[in-house]
Amino acid sequence: MAYSDKVVDHYTNPRNIGTLDKSKTNVGTGLVGAPECGDVMRLQIEVNHETGIIEDAKFKTFGCGSAIASSSLATEWLKGKSIDEALSIDNMEIVEELALPPVKIHCSVLAEDAIRSAINDYRAKNGLEPIESEKTHF
Amino acid sequence: MLKLPIYLDNNATTQVDPRVFEAMTPYFLEAYGNAASKSHPFGWKSEEAVDYAREQIAALIGSSEKEIIFTSGATESNNLAIKGVFEMYASKGNHIITLSTEHKAVLDTCKHLEKMGAEITYLSVAEDGLISVDAIAAAIKPNTILVTVMYGNNELGVLQPIREIGALCKERGVLFHTDATQAVGKIPVDVLADHIDLMSFTAHKMYGPKGVGALYVRRKNPRVKVTAQMDGGGHERGMRSGTLNVPGIVGFGKACEIARLEMAEESARLMVMRDRLETELLKLEESYLNGNKEHRLPHTSNISFKYVEGEGLMMGIKDVAVSSGSACTSASLEPSYVLKSLGLDDELAHSSLRFGLGRFTTDAEIDYTIKLVSEAVNKLRDMSPLWEMFKEGIDLKSIEWSEH
Numbered sequence: 525m526a527y528s529d530k531v532v533d534h535y536t537n538p539r540n541i542g543t544l545d546k547s548k549t550n551v552g553t554g555l556v557g558a559p560e561c562g563d564v565m566r567l568q569i570e571v572n573h574e575t576g577i578i579e580d581a582k583f584k585t586f587g588c589g590s591a592i593a594s595s596s597l598a599t600e601w602l603k604g605k606s607i608d609e610a611l612s613i614d615n616m617e618i619v620e621e622l623a624l625p626p627v628k629i630h631c632s633v634l635a636e637d638a639i640r641s642a643i644n645d646y647r648a649k650n651g652l653e654p655i656e657s658e659k660t661h662f
Numbered sequence: 468m469l470k471l472p473i474y475l476d477n478n479a480t481t482q483v484d485p486r487v488f489e490a491m492t493p494y495f496l497e498a499y500g501n502a503a504s505k506s507h508p509f510g511w512k513s514e515e516a517v518d519y520a521r522e523q524i525a526a527l528i529g530s531s532e533k534e535i536i537f538t539s540g541a542t543e544s545n546n547l548a549i550k551g552v553f554e555m556y557a558s559k560g561n562h563i564i565t566l567s568t569e570h571k572a573v574l575d576t577c578k579h580l581e582k583m584g585a586e587i588t589y590l591s592v593a594e595d596g597l598i599s600v601d602a603i604a605a606a607i608k609p610n611t612i613l614v615t616v617m618y619g620n621n622e623l624g625v626l627q628p629i630r631e632i633g634a635l636c637k638e639r640g641v642l643f644h645t646d647a648t649q650a651v652g653k654i655p656v657d658v659l660a661d662h663i664d665l666m667s668f669t670a671h672k673m674y675g676p677k678g679v680g681a682l683y684v685r686r687k688n689p690r691v692k693v694t695a696q697m698d699g700g701g702h703e704r705g706m707r708s709g710t711l712n713v714p715g716i717v718g719f720g721k722a723c724e725i726a727r728l729e730m731a732e733e734s735a736r737l738m739v740m741r742d743r744l745e746t747e748l749l750k751l752e753e754s755y756l757n758g759n760k761e762h763r764l765p766h767t768s769n770i771s772f773k774y775v776e777g778e779g780l781m782m783g784i785k786d787v788a789v790s791s792g793s794a795c796t797s798a799s800l801e802p803s804y805v806l807k808s809l810g811l812d813d814e815l816a817h818s819s820l821r822f823g824l825g826r827f828t829t830d831a832e833i834d835y836t837i838k839l840v841s842e843a844v845n846k847l848r849d850m851s852p853l854w855e856m857f858k859e860g861i862d863l864k865s866i867e868w869s870e871h
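These protein sequence lines are chains A and B, in that order. Each residue of the first sequence is one higher than the one before, counting from 525 in our numbering. Each residue of the second sequence is one higher than the one before, counting from 468 in our numbering.
Hints are computed from structural coordinates only; laboratory data are not their basis. Hints may contain errors.
Unchecked claim - Only part of the chain A face toward chain B is listed, based on derived beta-carbon distances under 7 Å:
1) Y535
2) V564
3) K584
4) W601
5) G604
6) R647
7) G651
8) P654
What the hints assert, rightly or not - Below are the DSBU-like pairs computed for lysine-lysine, each with C-alpha atoms no more than 35 Å apart in a straight line:
9) A:K582 to B:K858
10) A:K605 to B:K838
11) A:K582 to B:K578
12) A:K649 to B:K838
Said to hold, decoys possible - To be clear about the criterion: a stretch of chain A counts as covered by chain B if any three or more of its residues have a C-beta under 8 Å from a C-beta of chain B, and this derived list gives those stretches:
13) 538-551
14) 572-582
15) 605-612
Glycine included, every Cβ here is placed at the ideal spot set by N, Cα and C.
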């Protein structure tokens, strides 16, 4: 199966690889997936307490090219967004942007899960209730 | 000048040797007769070519030419051998012994027979991929009719103790079939010395064409028979009906002849290149060889690069064609059952690459592959959260992972 140009671009030149200091209260970390499933994504956001804007986002991913591209794209989209805007990112937008084939949709689902998980970690650190996912993935 | 992409997936299939291709060509446009046509020169010419190929093939495996049954490939040969024995020897018993690491053509055939009343024992292999003769001896029962164990494993390259298993089966009066698809043409295989009763093999793994294979069926001590699985004209001593693929068979014969004459030199050359590739790649931190290092095919190496996912890695080395045990390469999302049978963590199975060298592999290609794989592994580890945790001394097993 051939990869789309956008997947190849994100795989070859991944945006925002790295690690944020997870002990800081304005950093939220999401770690989703499992090594035995062949996909693990760690996505981190750094939020400006004053404005509620995500000022930085970093990722590290163990997985196939589509998983790497999905998380790379997610960090690109997260930067400059408010938490609410970030929560509205839908996995199907990632599928569309990267032209992922059906067998790779789970990579985009994982990226969406990673975003929610990072936001909930940030909320928990700051005494807020976690946001329940409205969607049920199959 | 290095030509890209580089083909290191010779366990999947091989390039046709130009000498084989040349031998085949007259049988498309000139000598196109049906080998079963006994009444005219077109048929005689084809029959003569098939007879000659049968001799070339028999010479490679130490059999008589009368013991070669042509098929469409090793999958059909495995089906014919196992189903054919099950039907032919039904009055003697219904128990078949095999390994959990066999090719799907054997495993799925056995599963099919289970539905037809067969009793199948799937033996597990040791961590190095090998089965012990004692384990097979212990599994043989009064109703055992067949032991089927592959010669060389397609994913790992490990070689089972075929000669010892053959001797055991002979002593216990049980038929012995081996799927020798990966071994024939690569290492010396002798059906008499190995006490093999039935053996599947195919042309396209040894620089011959796709679509033609053979089943060796022993004619003496004991005389083995299999029930045909297709009805028709009664070709191949009644065991496999269907017009013979004459050009394919001619190519198969030529491929066997070349293998017989050049095997010693070729396997020595491939082993040196394979060992160099392997030694260099195993220098990478946290990389592991899968399968027994000593008892294996000369051209295969299966390596896991921990904390890097196999499909992601293949994308990073897109100029080199290899295979991975990663789930992502299949629609099932399950990693290789062969690697899992060794007791490997799923995670290591996801991180594996299989390198299959071949007749046309060059030293320059190996140099390039070493460089490319090393760079890709390092790059992907820099972006792997698992690698970071490993480096921080975090035990990955202590983390509660979310399933998805």
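Inset, instruction - Closer than 7 Å between Cβ atoms is the bar; does G651 of chain A clear it against chain B? Give me holds or violated. - result: Nearest chain B Cβ about 23 Å off; hint violated.
Legend entry - Coverage assertion for the region 605-612 of chain A with respect to chain B, Cβ distance below 8 Å, three residues required: violated (count 0)
Inset, instruction - Could you grab the alpha-carbon distance between K582 of chain A and K578 of chain B and see if it respects the 35 Å cut-off? - result: 48 Å, violated
Legend entry - Interface restraint verdict for R647 of chain A against chain B (beta-carbon cut-off 7 Å): 18 Å, violated
Inset, instruction - Let me know if the C-beta of Y535 of chain A comes in closer than 7 Å to any C-beta of chain B, holds or violated. - result: Hint holds; Y535 of chain A Cβ to chain B Cβ min 6 Å, cut 7 Å.
Inset, instruction - Go through the hint on W601 of chain A and say holds or violated, using the shortest Cβ distance to chain B against 7 Å. - result: 18 Å, violated
Inset, instruction - Could you grab the alpha-carbon distance between K582 of chain A and K858 of chain B and see if it respects the 35 Å cut-off? - result: OK: K582 of chain A and K858 of chain B at ~19 Å, within 35 Å.
Inset, instruction - Measure nothing beyond the straight line between the CA atoms of K605 of chain A and K838 of chain B; if it is 35 Å or shorter, mark the hint as holding. - result: Given that 35 Å is the threshold and the Cα spacing comes to 40 Å, the pair is violated.
Inset, instruction - Check, residue by residue, whether the region 538-551 of chain A contains three or more positions whose beta-carbon lies closer than 8 Å to a beta-carbon of chain B, and give the verdict. - result: holds (count 3)
Legend entry - Interface hint for K584 of chain A, Cβ within 7 Å of any Cβ on chain B: 4 Å, holds
Legend entry - Interface restraint verdict for G604 of chain A against chain B (beta-carbon cut-off 7 Å): 22 Å, violated
Legend entry - Residue hint P654 of chain A, partner chain B, criterion CB-CB below 7 Å: Hint on P654 of chain A: violated, closest Cβ of chain B at ~14 Å, above 7 Å.
Of the numbered hints listed earlier, those contradicted by the structure are 4, 5, 6, 7, 8, 10, 11, 12, 14 and 15.
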